[in-house]
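Enquirer: Here's the letter readout for the chains.
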Amino acid sequence: MAEISLHGVTKSFGKTEVIHKTDITINDGEFVVMVGPSGCGKSTVLRMIAGLETATEGEVRIAGKRVNEVEPKDRNIAMVFQNYALYPHMSVYDNMAYGLKIRKLAKDDIERRVQRAAGILELGPYLQRKPRELSGGQRQRVAMGRAIVREPAAFLFDEPLSNLDAKLRVQMRLEIQKLHRELRTTSVYVTHDQVEAMTLANRMIVINAGVVEQIGAPLEVYDNPASLFVAGFIGSPSMNFLQGKRVGDGVELGGGLVIPLPPEIRDKAGEQVTVGVRPEHFVAGEGGSPRFRLHVDTVECLGADSLLHAAFNGNVLVVRIEGHATPPAGSSLDAAIMPGKAYFFDTPTGKRLAA
Amino acid sequence: MVENRPYRDFFAHAVLVTGVLLVAFPLWVTFVASTLTFEQIVNVPMPLWPGDQFLHNYTQVLTSGSEKGSSAPVSTMLFNSLVMALSIAIGKIVISILSAFAIVYFRFPGRQFFFWSVFVTLMLPVEVRIIPTFKVAADLGILDSHVGLALPLIASATATFLFRQFFMTIPDELAEAARIDGAGPIRFFIDVVLPLSKTHMAALFVILFIYGWNQYLWPLLITASESMYTVVIGIKRMIAGGDASNEWHLIMATAMLALMPPALVVVLMQKWFVKGLVETEK
Numbered sequence: 001m002a003e004i005s006l007h008g009v010t011k012s013f014g015k016t017e018v019i020h021k022t023d024i025t026i027n028d029g030e031f032v033v034m035v036g037p038s039g040c041g042k043s044t045v046l047r048m049i050a051g052l053e054t055a056t057e058g059e060v061r062i063a064g065k066r067v068n069e070v071e072p073k074d075r076n077i078a079m080v081f082q083n084y085a086l087y088p089h090m091s092v093y094d095n096m097a098y099g100l101k102i103r104k105l106a107k108d109d110i111e112r113r114v115q116r117a118a119g120i121l122e123l124g125p126y127l128q129r130k131p132r133e134l135s136g137g138q139r140q141r142v143a144m145g146r147a148i149v150r151e152p153a154a155f156l157f158d159e160p161l162s163n164l165d166a167k168l169r170v171q172m173r174l175e176i177q178k179l180h181r182e183l184r185t186t187s188v189y190v191t192h193d194q195v196e197a198m199t200l201a202n203r204m205i206v207i208n209a210g211v212v213e214q215i216g217a218p219l220e221v222y223d224n225p226a227s228l229f230v231a232g233f234i235g236s237p238s239m240n241f242l243q244g245k246r247v248g249d250g251v252e253l254g255g256g257l258v259i260p261l262p263p264e265i266r267d268k269a270g271e272q273v274t275v276g277v278r279p280e281h282f283v284a285g286e287g288g289s290p291r292f293r294l295h296v297d298t299v300e301c302l303g304a305d306s307l308l309h310a311a312f313n314g315n316v317l318v319v320r321i322e323g324h325a326t327p328p329a330g331s332s333l334d335a336a337i338m339p340g341k342a343y344f345f346d347t348p349t350g351k352r353l354a355a
Numbered sequence: 356m357v358e359n360r361p362y363r364d365f366f367a368h369a370v371l372v373t374g375v376l377l378v379a380f381p382l383w384v385t386f387v388a389s390t391l392t393f394e395q396i397v398n399v400p401m402p403l404w405p406g407d408q409f410l411h412n413y414t415q416v417l418t419s420g421s422e423k424g425s426s427a428p429v430s431t432m433l434f435n436s437l438v439m440a441l442s443i444a445i446g447k448i449v450i451s452i453l454s455a456f457a458i459v460y461f462r463f464p465g466r467q468f469f470f471w472s473v474f475v476t477l478m479l480p481v482e483v484r485i486i487p488t489f490k491v492a493a494d495l496g497i498l499d500s501h502v503g504l505a506l507p508l509i510a511s512a513t514a515t516f517l518f519r520q521f522f523m524t525i526p527d528e529l530a531e532a533a534r535i536d537g538a539g540p541i542r543f544f545i546d547v548v549l550p551l552s553k554t555h556m557a558a559l560f561v562i563l564f565i566y567g568w569n570q571y572l573w574p575l576l577i578t579a580s581e582s583m584y585t586v587v588i589g590i591k592r593m594i595a596g597g598d599a600s601n602e603w604h605l606i607m608a609t610a611m612l613a614l615m616p617p618a619l620v621v622v623l624m625q626k627w628f629v630k631g632l633v634e635t636e637k
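Protein chains in written order, with the numbering used here: chain A, 1 to 355; chain B, 356 to 637.
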């Protein structure tokens with residue numbers, strides 16, 4: 001168990017800086033998810049914590065100690081890889097026991113730890129099999145078992161579920177959650193899938209192009225995105241954005257629609273303002289103001305609710321609506337934004353306009 | 356084939372049977388000749404059915420060699436060939452797997468340079484560099500010895516290159532997982548790389564054993580005493596002069612014996628050989 005922290009860390013490959021000055025603190029026992037699009041540098045951050053990459057500048061600390069110069073094996077961490085990275089010629093048992101054998105643990109201690117991990121992960125019947133005789137989900141469980149037996153200070157997960165099919169991914173997500181509840185080990189989890197991030201994280205770190213955009217609990221990030229990028233990346237389907245111009249105390253979105261700016265951010269808003277609305281934050285039909293007319297292009301019925309792809313003034317908006325109130329494709333619909341649910345962003349900087 | 360077309364079947368089989376006959380007939384003649392007496396062979400036409408001299412001919416070549424050409428027993432030659440082929444095959448595998456491991460898994464100054472300098476030697480087969488190699492072997496004083504037979508042929512660009520290509524298909528994560536597990540480079544090599552390379556090593560062994568066994572020019576150049584002859588050289592030495600003076604029955608028996616070990620290696624290791632060439636599962 002340990003706290004992990006990065007202090008002013010940067011990483012360059014040759015002349016390209018891929019991670020810009022970053023400060024992150026991951027508390028003891030916390031499950032932190034780093035999320036961002038592919039190539040944003042989230043895996044690089046994880047690999048710097050693991051010791052597989054060295055930080056160009058700054059300091060990585062595990063349990064308060066500087067570890068920049070410490071070999072991965074001495075950092076007391078365990079890592080789970082996207083492609084499992086199991087030793088193909090070793091049995092499941094040997095895969096899990098390998099690291100312990102190198103550490104020269106006593107035979108019965110190894111046996112005890114492996115059996116315990118196998119118990120937690122329900123791998124008991126497969127201990128003598130080779131990885132190629134296992135399904136993807138089982139292989140990933142072996143990879144996690146290899147991490148568990150080490151009883152490390154922290155687990156590092158590098159997109160562990162990306163190679164699994166959708167159904168297994170959901171199941172493994174729950175298992176990882178359960179595992180963390182049982183073991184309470186500090187965990188850092190990298191993914192590009194914002195659903196994984198939302199469901200697993202105690203706190204999530206949203207990274208874009210080598211910069212930490214926002215750190216916070218999932219709902220906090222969802223409710224209060226700090227920038228256009230975070231707002232668009234977190235949430236599925238993603239937030240609708242409309243480019244607007246400042247007119248007096250409101251934002252003109254075209255077609256005569258003016259959304260009033262909340263008083264506390266009026267001073268901060270510039271000429272160009274982007275208005276963001278989540279799909280579920282529309283009121284359809286009667287009520288609400290200001291009202292505007294949408295033309296429904298396509299309808300996706302999901303059962304409990306439906307997603308309307310609707311045209312407004314040249315933009316396509318996604319609107320989530322109660323399943324049994326779904327209008328047919330081709331019809332028109334009057335809608336409004338729920339009070340207080342419009343997000344305002346400064347278009348040139350992409351920053352949220354907030355008090 | 357799903358369809359049933361008798362003519363095509365017949366045609367296909369005819370081609371195959373012809374092919375087999377073309378390849379097998381000389382072998383059969385060799386075998387038959389090795390079981391006849393000298394007189395039976397030189398009489399035209401030579402019989403095409405084995406005679407009764409099998410034991411006699413083979414015992415003679417194995418224990419005392421031929422009478423006219425070279426008098427070294429073929430058993431010694433076979434032993435020399437075996438030593439040479441085994442040292443070349445094993446030596447090449449050991450050296451090239453180690454150098455490939457260094458080139459793929461270590462970042463050291465001049466890595467690319469060393470890789471390319473190994474690679475470039477692919478363009479220089481034994482025959483091209485044989486005079487300088489001879490000079491080096493002479494200076495080292497290893498002419499006419501087992502070491503001299505094998506050592507200069509051990510460095511192998513081909514095998515290094517093959518292992519390098521194979522290592523590059525091993526996912527980086529495996530090396531990283533081993534690093535986190537606490538395995539140093541040598542443990543990683545022994546515990547992970549070697550077991551994964553087993554089939555490739557077996558396939559290479561077959562190829563290299565035959566390569567070593569069939570070496571002709573180099574042993575011809577550096578062996579002087581009959582006790583160092585390899586069997587391939589031995590056959591050549593037995594063919595001393597004109598047709599009539601050659602003991603064809605003994606030469607043919609020697610040829611049959613020379614043929615056996617490579618054939619055995621291929622037959623026994625066929626399964627591994629094929630696996631090593633086609634295996635894709637990592």
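Just so you know, the hints here were simulated from the structure itself, not pulled from any lab data.
Please note that a few of the clues may not be correct.
[Stated by the list, open to error] To give an idea of the interface, some chain B residues facing chain A are shown, with a C-beta separation under 8 Å as derived from the structure:
| # | residue |
| --- | --- |
| 1 | E394 |
| 2 | D494 |
| 3 | P540 |
[Claimed, not checked] Below, a list of computed lysine to aspartate or glutamate pairs in the EDC-like style, where the Cα atoms sit at most 16 Å apart:
| # | chain 1 | residue 1 | chain 2 | residue 2 |
| --- | --- | --- | --- | --- |
| 4 | A | K167 | A | E151 |
| 5 | A | K101 | B | E528 |
| 6 | A | K73 | B | E394 |
[To be verified] Under 10 Å between C-beta atoms, here's a sample of chain A residues computed to sit facing chain B:
| # | residue |
| --- | --- |
| 7 | F81 |
| 8 | M90 |
| 9 | A153 |
| 10 | R246 |
Please read these numbers as outputs of a predicted model, since none were measured by experiment.
Built from N, CA and C at the ideal position, the CB exists for glycine as well.
Enquirer: Taking the hints in turn, state whether each one holds.
Expert: Verification of the supplied hints:
1. E394: violated (60 Å)
2. D494: violated (44 Å)
3. P540: violated (12 Å)
4. A/K167 / A/E151: violated (29 Å)
5. A/K101 / B/E528: violated (20 Å)
6. A/K73 / B/E394: Judged against 16 Å, a Cα distance of about 77 Å means the pair is violated.
7. F81: holds (4 Å)
8. M90: holds (8 Å)
9. A153: violated (13 Å)
10. R246: violated (51 Å)
In summary, the structure is inconsistent with hints 1, 2, 3, 4, 5, 6, 9, 10 from the numbered list given earlier, while agreeing with the others.
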